[in-house]
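**Q** Top to bottom, those sequences are chains A and B. Just so you know, we're using our numbering here: the first sequence kicks off at 1 and counts up by one. Just so you know, we're using our numbering here: the second sequence kicks off at 793 and counts up by one.
Read the hints as simulated data drawn from the structure, not as lab findings.
Simulated pairs of lysine to any residue, SDA-like, Cα-Cα distance not exceeding 25 Å:
# : chain 1 : residue 1 : chain 2 : residue 2
1 : B       : LYS1262   : A       : ARG348
2 : B       : LYS971    : A       : ARG702
3 : B       : LYS971    : A       : LEU232
4 : B       : LYS1022   : A       : LEU736
5 : A       : LYS38     : A       : ILE73
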Amino acid sequence: MKMKNWFSYLIVLSLFALVKPTSLWAVDFVHEVMPIIKKHCAECHAGPKKKGGLAMNTRTEFLAGGENGKVVIPGNAGKSLFIELILSDDDTEYMPPKGPRVSPEEVTVLKKWINDGMDWEPGITLSEANWEPPLKPRTVTLPAARNGRTHPIDRLLDAGLVELKQPLPPRATDAAFLRRATLDVIGLLPSPEDLKAFIADTSKNKRETLIDQLLAKEVAYADHWLTTWNDLLRNDYTGTGFITGGRKQITSWLYIALRENKPYDQFVRELIAPTADSSGFIDGIKWRGEVNASQTRDIQFAQNVSQVFLGINMKCASCHDSFIDRWTLSEAYNLASIYAEKPLELNRCDKPTGVMATPKWIFPELGNVDPKAGKSERLQQLAGLMTHPENGRFTRTVVNRVWHRLMGRGIVHPVDAMHTQPWNEDLLDYLAVRFSDDRYDLKKYIRFVMTSQAYQSQTVILEKELGADYVYAGPVAKRMTAEQLIDAIWQVTETHPKKAEAKVDRAERSPVQEAKAPPGKMKALPINAKWIWHQGAVGRKSELRHKFTLDAAPAAARLMATCDNAFKMKLNGKIVAASTDWTKPVYIDLAAHLVKGKNHIEVAAEMFGGAAGFICQLQISDAKVIVTDKGWEARSPGGTWAAAKELHPHGNGPWKKVLDPNGTTTPAVIADSPPVRAALVKNDFLMRSLGRPHRDQVVTTRPAELTTLQAIDLSNGEIFGGYLSRGAKNLMGRNLSGGQLNDWLFQFALSRKPTDAEQKVMAQISGDGSNLLMVEDLLWLVFMQPEFQMIR
Amino acid sequence: MTTHEKLVRRDFLKQLSAASAAALATKGTRAWANAEAVIHPRAKADSCILIWMAGGMAAPDTFDPKRYFPFKEGLEVERILSTFPAIDTAVDNIKITQGLEHIAQVMDRGTLIRSAVQPDLGHILHSRHQYHWHTGYVPPLTVAAPHIGAWMAKVLGPKNPVMPPFINIGQRLEGVGEKEELKAFTTGGFFGTEYGPMNLPYPKSAMQSVQPPKGMEPGRFGNRFEAYKKLIDANPNRDLMSDYQQQSMLRAMDNAYRLLNSKDKDAFNLGLEPAKSQAIYDTGRFGRGCLLARRLVESGARFVEVTTEYVPFVHWDTHEKGHETVARLKMEIDRPIAQLILDLEARGLLDRTLVVIASEFSRDMMIEGVPGSNAKDQSRARTDKLKEMKHYGLHRHFTGGTSVAMFGGGVKKGFLYGKTADERPLLAVENPVPVEDMHATIFTAMGISPKAAFEVEKRPFYATIDGTGKPVMDIFG
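Please model the entire structure based on the sequences and the hints provided.
**A** Right under this line is the structure:
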């Protein structure tokens, strides 16, 4: 007996295979009837088209019939004009009048469907399925501004609201706006100080100023948007595939791209035609053993690239021609072939077909890849086609995703169903064109949306879960992501972890960088500095310091410094330089930090193993040069200050001539990194339970609702409980009275003060603010408020 | 807004409690509207306990005895089929192996299937086979497949409204090898976390999951929740916040509190079990897990999985020293499983509780995968002739014939189904049952159609792949 026979069932998601036992045959409306109607009837009877008065978008329309009365009678195909006309030989009346006739097999399906009662699945309409999304960008003429609301987004949205006789959503309060904007741009809560300052600010354009300030916080912005892009690009620090090397992170590349606000077209080009740092996305996940044909790395490539960048679901088409949109098996395989090392054979529902795929892009209107070119060249070409200026699908997809993040609901929704009709086509098309006109600048686009009155309005009150009947009435409140919630809790309780999992540069750039050192002005002087450390046992760490006086603040001051292995340097109390690689000294201009009179350098040096030493030379003028030598003071941490020990002159010792007198001064000034953020650490039990996904698959939306199991974790979970108890201790350190504590907590967590009624409830719990357990409970009460967990 | 409307809103926490139970089973993911209407079979059981022998339980050394040779230096490995002798059971035509004497005595309460089969996935990877067994789909997948426990939670909802419908006992998801792979199927998948498992890796401390946090006495816990409700009612912005979103969050909080404050949570507390009973079950974590499962089902849990725990190369995952390891495992499982059956029976619960003992595949002394498979040989004790005890055991993963035992839930009593060959390869030669048919059988017992489907990304996703699973009706009485 052959084993294989037992396993001849179809494996994995060959969901639409039309393998039905004939005896038990029942018509499947979506997969059997709909394709026939689409193929033969839609051209004249779908969407707004009603030839002969007959529309077939819905069951109701179909039953209503046309100019000649009813066309179908459920339960009686024999008496249905619909079938009669399909079968007719009279060329003045048979249907469809053009195109191929309905085949006998198709007629059998239709007859059976009518005889069985014409089941029509709720929610399925011919017009929606029939709406073909435009590919090219479309320039939209803006409607006139109403009520002085001139922002293009408002002009477009207000026109729709007026048409539906809907009121304009009222403006959100300053406090609500501040909280929403801060959470949306950088994923953090505004502090009570931020709140106070913003409310007190009387300038007219303070909202725009705030938006600009938030967008300028590049580290916090990257920390926050990393969550969204990790989900989209299936990037994580742990997960399936990593143990066998079948998967690669792109964290460093992604973080830098977000931090630098890399133009989105370039961003995508670097993902599709990647460097070693960004290849993790297109390479997908490799599993050991045999996988279904629709899950090879090549096919994953086709699926992920089309889903993430174009909002196309190629998952259906990777098994068979899709039934929900226009994509075919061969299109999916052709796209996959661009990535594939070897020619690909089409597999239908995991069975080889003998047909070979040709590397081809899915929108040939924009050009195509050269099938004869090598893989890397094909990927380059694909990257170009994807980001082609005429590829409106590409820009529409991303502006819609970001709109969804900011406004709570996609203009096309769900955001991956970009083949479905947007609720405001003009708005989507306008935003897409504007985005490409703005050189694919994501921050600029975010700013554009946020500066509209629409974004700055109150969120709508929902009576039920949003569905297909959605009508725009204002922004929709969002549930915080797991990362936002945890970040907010860490902020209030000061319980951030010490270490990030993501290996990324989060140091805030100091103002020195902007001050632009005058390069090359200073003469290259010989290096007279010595390698120094403290006296006695070397230990792992050394503290070094030096004081000196200047007659005037210098115009330029060039620092050369390095340490085996790492150092952080403060000048007059501010961190100005740091390095963790002794082979790469820092060359920076410190003029902005030096003052007339006394100056003070402090260095924290660390050795990871092996030799230890720190060296620096600070050139203030040709005559005035500060060098490390025994004139510096040094100690092991906590020890007594004494003269530093000179280890070697520059050029000697294990380090050779590591400082280069001609080294180019770079503005790579490093300061402390801000506290660790949730997106930068591994997924844990709490975050997982709050909806941070296992990123095996591309994820484009997070769950919108709190579930019971999550609520249990938030009621008694250990990780969360730890934040509360540590947080309570930290808060006690502020020495606030009960009332002050409540005020402070509400202002931080909710961006408002508690009302008297709330104060009363809170007072019962917080007492005078001196009981640790009570403060813990207070924190819990506030964190569990829907108002806290929502961005409204 | 009228005063009346305001009053209605003020009271909504009370209303939540009534509405919450009903809301669970219907929320979220939409059922796929089949043209062929799904008719759920009449349920034979209300609860299901899956006893999961993680790591590949060797059928010839447990429920399917074959030619046995005791250890003897120089013995040719290829002659050995079983490393344990057969023993009698309470059923004449069923023999199982030494070490399972207690289970042998309850075989007359259930059905033994000896012909479960798994696909050959090329390279045997426990996590992929376990994913397949727990979800019905072979990974990788384009969507996250729900665990069968999540299917029960989704389709049937909780049996007791305060009791989480899907509880998973004994498997750590942190600190063990392949943890990410385990997490990938220990989930509600696209149904969402509402239908995902409540994980209780340590039965002894299960109570901690449902009681107020450590160090918080009940009075304080209650006060905290009371204050919470008052604070919600005092919130000046509640009318500006979307009611739907707010209510769903409050409902979850309320559900959680009700469990944490209910009498039913005692089910999680093994300390409340009589000492005598505790002693019978207490063979280790797994045994205690069986006791916990019984207590949970008594209190109305819908689906409970208890596992010996998957840790690569540990427990049933015998790549060497198989005989010794299995002898130890039998000590751990034999009494608790048998006692679970007897306890359920004594409480009148067995008829409406389906207990399933299963594993991702079997093992063999010689064959990796199935004959002809190109799966890599993963034995760590390769030898032609036995030289030391390390060599004695079933060290290769075998997918061609596996045993599954079922008790209660309407299955026949003292019934044997399917058969494997008497000589190697020990393939299922009668009535092979692939994973989707096994699931169809379990789902059918629980009153879920194997064709039940939910919509994901506008496609149907079926309880058994493509809705093709066929229940093995022969095993039902």
